[in-house]
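Asker: Chain residues, written in single-letter form:
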Amino acid sequence: MAEEFSTDGMLDIYLFENSQLLEQLQDMVLEQKDEECFDEDSINEIFRTMHTIKGSSGIMMFDEITTVAHKLEDVFYYLRESHPQNVPHLELVDHVLEVADFISNEMEKIQNGDPADGEVGEIVARLDVFLEKIKSNADAGEEKPPENKHEEPKQFYISPVATSASRFYKIYIHFFEGTEMANVHAYKAVYALKEIAEDLLYSPEDIISDPSSAETIIKEGFKILLQAQCGEEEIRQIIGVGYDIEKVDVFECKAEEFLQGFDFGEQDDAPVIDLDSSVEEIEAQTQGTEDGEKAEEKKPAKPAIAPGDFVIKSKDPGKQRKLAKDKPKSDKASYISVNIGKMDQLMELIGELVISESVVLQNPDLKVPGLNLDNFNKAAAQLSKIATDLQNVIMSMRMVPLTNTFQKMNRIVFDVSRKLGKDIDFVMVGEQTEVDRNIIEHISDPLMHIVRNSVDHGIESKEERVESGKPEKGKVTLSAKTEAGKVWICVEDDGAGLDRDKIIAKARKQGLLDDNKPDSEYTDKEVFQFITLPGFSTNEVVTEYSGRGVGMDVVVQNIQKIGGSLEIESEKGFGSIMSLKIPLTLAIIDGIVMEIGTSSFVIETGAIKEFVRVNEEMMIHEPDGEEYVMIRGECFPVLRLGEWFELNNYRESVEEGVMLILEVDEKKVCLFVDKLIGEQEIVVKPIPSYIKKVKGLSGCTQLGDGSIALILDAAGLIE
Amino acid sequence: MEELSELKRQVEKDQTTSSKHDAQKGKYMTFKSGHEYFGLEIQYVNEIIQLQTITAIPETEDYIKGLINLRGKVIPVIDVRLRFKQEPFEYNDRTCIIVINIKSMVVGLIIEKIAEVVEIKEENILPPPTLGRVDKAHHKYVYGIGKVGDEVKLLLDPDKLLNDEDLSVVEQANEMNNDEG
Chain P
1 MAEEFSTDGM LDIYLFENSQ LLEQLQDMVL EQKDEECFDE DSINEIFRTM
51 HTIKGSSGIM MFDEITTVAH KLEDVFYYLR ESHPQNVPHL ELVDHVLEVA
101 DFISNEMEKI QNGDPADGEV GEIVARLDVF LEKIKSNADA GEEKPPENKH
151 EEPKQFYISP VATSASRFYK IYIHFFEGTE MANVHAYKAV YALKEIAEDL
201 LYSPEDIISD PSSAETIIKE GFKILLQAQC GEEEIRQIIG VGYDIEKVDV
251 FECKAEEFLQ GFDFGEQDDA PVIDLDSSVE EIEAQTQGTE DGEKAEEKKP
301 AKPAIAPGDF VIKSKDPGKQ RKLAKDKPKS DKASYISVNI GKMDQLMELI
351 GELVISESVV LQNPDLKVPG LNLDNFNKAA AQLSKIATDL QNVIMSMRMV
401 PLTNTFQKMN RIVFDVSRKL GKDIDFVMVG EQTEVDRNII EHISDPLMHI
451 VRNSVDHGIE SKEERVESGK PEKGKVTLSA KTEAGKVWIC VEDDGAGLDR
501 DKIIAKARKQ GLLDDNKPDS EYTDKEVFQF ITLPGFSTNE VVTEYSGRGV
551 GMDVVVQNIQ KIGGSLEIES EKGFGSIMSL KIPLTLAIID GIVMEIGTSS
601 FVIETGAIKE FVRVNEEMMI HEPDGEEYVM IRGECFPVLR LGEWFELNNY
651 RESVEEGVML ILEVDEKKVC LFVDKLIGEQ EIVVKPIPSY IKKVKGLSGC
701 TQLGDGSIAL ILDAAGLIE
Chain F
1001 MEELSELKRQ VEKDQTTSSK HDAQKGKYMT FKSGHEYFGL EIQYVNEIIQ
1051 LQTITAIPET EDYIKGLINL RGKVIPVIDV RLRFKQEPFE YNDRTCIIVI
1101 NIKSMVVGLI IEKIAEVVEI KEENILPPPT LGRVDKAHHK YVYGIGKVGD
1151 EVKLLLDPDK LLNDEDLSVV EQANEMNNDE G
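Protein sequence lines correspond, in order, to chains P and F. Quick note on my numbering: the first sequence kicks off at 1 and runs consecutively. Quick note on my numbering: the second sequence kicks off at 1001 and runs consecutively.
Do not take every clue at face value.
[What the hints assert, rightly or not] A partial selection of chain F residues facing chain P, derived with a Cβ cut-off under 7 angstroms:
hint, residue
1, Q1050
2, T1053
3, P1058
4, D1062
5, L1067
6, N1069
7, V1107
These aren't lab readings, by the way, just hints derived from the structure by calculation. These figures come from a predicted structure and were not determined experimentally. Every residue gets a Cβ at the ideal spot worked out from N, C-alpha and C, and that includes glycine.
Please work from the sequences and hints to get the whole structure.
Answerer: Below you can see the structure in the form of structure tokens.
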């Protein structure tokens, strides 16, 4: 029977929730790492986070995580209750991060299906020592706080959302007599309800760890108080009478009854305070109570409540208050987590939809002369609008702010700078910038490398900085912005900068430079590009953080893979700026469709500077066949796509076709094509891997008539 | 030696196929290319479609004709005759595309004329003869010769058909024809 209860879903949720908690924890800790000490809110928050992790890890029986979380919780319990003075703040930060790292590590192991077997002894010992230390530091006369006893009722998996549309239910589940492990079955029901629940209480409470609760459940039934937005029917469906459950009773009830928990018993004359009061009012009152409780924090036990009292007996004050603190109740956003596979599927379907839309709207059947298409066109316009909206929504759903990635960098700067003994001011700008999820995955590692480089090689040691007249504290700025359909992520430091002479010397040694060309003829940009070549490192010393073989070449490769580029600016002695230029999204782009001979091609709109019609006089022919075109006094190399790709029936005369000026990385080229068809949203599809990569092509797409057009890769063409 | 390894390979192949696709075992999709009839094990065949507009891809081998749009999926198509280094042929309304799936790679084969699905018993499949010219890299696409009544079908190894370096099958086929005839 027990096999029926799969923990897979639970495990996913456990990992998901806890990794989010840990991320928040880490952000908070890093935010305050430079303060004197944590403020009270943070202490409470850390305490609560650890408590939650401890609780859920306990349920999932990951003892190591439970132990460590419990220890850290103890530390913060002490901090919270006793407000000790002289707490070594940085040490505390280290401890918190250490614990967070440990738990993250363990969770990763769990995710990979390995046993979570991390050694906890050392961490626990260190935390013990630390706890003793702050205890002895604190005033001796201070009253010892009561030991942390964790008496508050447990509520699991409650999403802290509540709206006025919420309804309240009392649910009684009766199991068949003789059902084994009724507690597990009961938990199954709770787990299922969790999907819809805004708040959820159940009795008996201790169904997971206490096997004897099974008896109680069979004897007395399993009681659930549920706050949700769904109807009775839905609840019945979710719980569902089965081989184990004999009967499910669902009663809708008032908010106040709900808030009283189970203490009112089951008597029918349950106290009704005010039948007419709306849910909002009750909620407002509830909030008031909560605010009152905020000051008191968690009390070990509350006095019994008289019927009709508004005090929320069985609610842990932690949960909702956290929400209230984060944002005012009026504009709460609720989130659900969605399987990324489903998102991708939806994305794909919408891509198909966009294509079929253009298949319908540009259908050749419509081109029959003499058709009255007024109504069709109206309907078609509506369809296009909806399709575009739909596409925008799915794109925005996939857009994720860079915040998490930036926070990770914050952590790296913190770690590296502490280890290297450098004092660094890390500034983040524009971390709210949103980027497609796929892209975030790809920039994290390159960015990490660049940031590490900045801290390790860029920023000089304190002594050197003072010597060169800079402030002792180095500054690293990580910024992000959106510009012209691209995302720019810059890492700027005020360190030593790149040493042009050193790089040139090294490049000469490796034979990368033209022997006849003097050093001064190379632009800074060209010189700095050398550091992105494989095996090129001017760093003689391999440190813990850099020079371990993963060089700038890998960074550049990874960035190029997603259609981005890296720009390096630097001035010796004043620092350097590394800028990543990355496309916003990979899946759907704006493109210009054009025709050469019988073939259609598409090029990303962003790569095109302008369209020009030229005449024969503007052309310059070199004897070796190279062609140039003079446009407004500027000379561009000409690339005839028809010739380049050896197509059929393309136009020879420049006067019959169109020139497209393409610009990538400040290199410009004129692309000659037969004619332009129009601009259109292009769903990018990869060229099947069976066909080897063709230079100048980056993918293919389906056009309105169902035919396939190849997508040109501007960067590839310019090369 | 070569014959031995060929046999061995064939036996191995039969074993793997029989374990997976019992119902489809021994059935071959046959088609005409040039003067010969070829057979493909039916488990590789996804579907047969009519010739569609093909988008050519520049700078690829000549037998890779380009891409087609198969209900929203983009798949490459290759011309079997060109693949066999035979004379190119005019596409007409009998020309069709056999969509095959090998190791989850979907590719269309342009063939002159589809024939039929035949069942060829294992005992009627012979290894290709190796008379003379042992030095030549023989039997690359054709791994066996199936006898159906009086006719002979050249059984293709689709994996090699797609991936191996070029080899003139015509020569090979002619040779075999002579032997059989």
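Asker: If a hint holds in the structure, say so; if it does not, say that too.
Answerer: Here's how the hints hold up against the structure:
A distance limit of 7 angstroms between C-beta atoms decides the matter here; for Q1050/F the minimum to chain P is near 14 angstroms, and the interface restraint is violated. Checking T1053/F against chain P: minimum C-beta separation of about 5 angstroms stays under 7 angstroms; hint holds. For P1058/F, the interface hint holds, the least distance from its beta-carbon to any beta-carbon of chain P being 3 angstroms, beneath 7 angstroms. Below 7 angstroms, beta-carbon pairs count as interface contacts, and D1062/F has none with chain P, the closest being about 11 angstroms; its hint is therefore violated.
Interface restraint check: L1067/F against chain P, minimum CB-CB distance 5 angstroms, threshold 7 angstroms, status holds. Given hint, N1069/F at the interface with chain P, holds; its Cβ is 5 angstroms from that chain's nearest Cβ, closer than 7 angstroms. Taken as an interface hint, V1107/F checks out: its beta carbon lies about 6 angstroms from the nearest beta carbon of chain P, inside 7 angstroms.
In the structure shown, a violation is registered for the earlier hints numbered 1 and 4, in ascending order.
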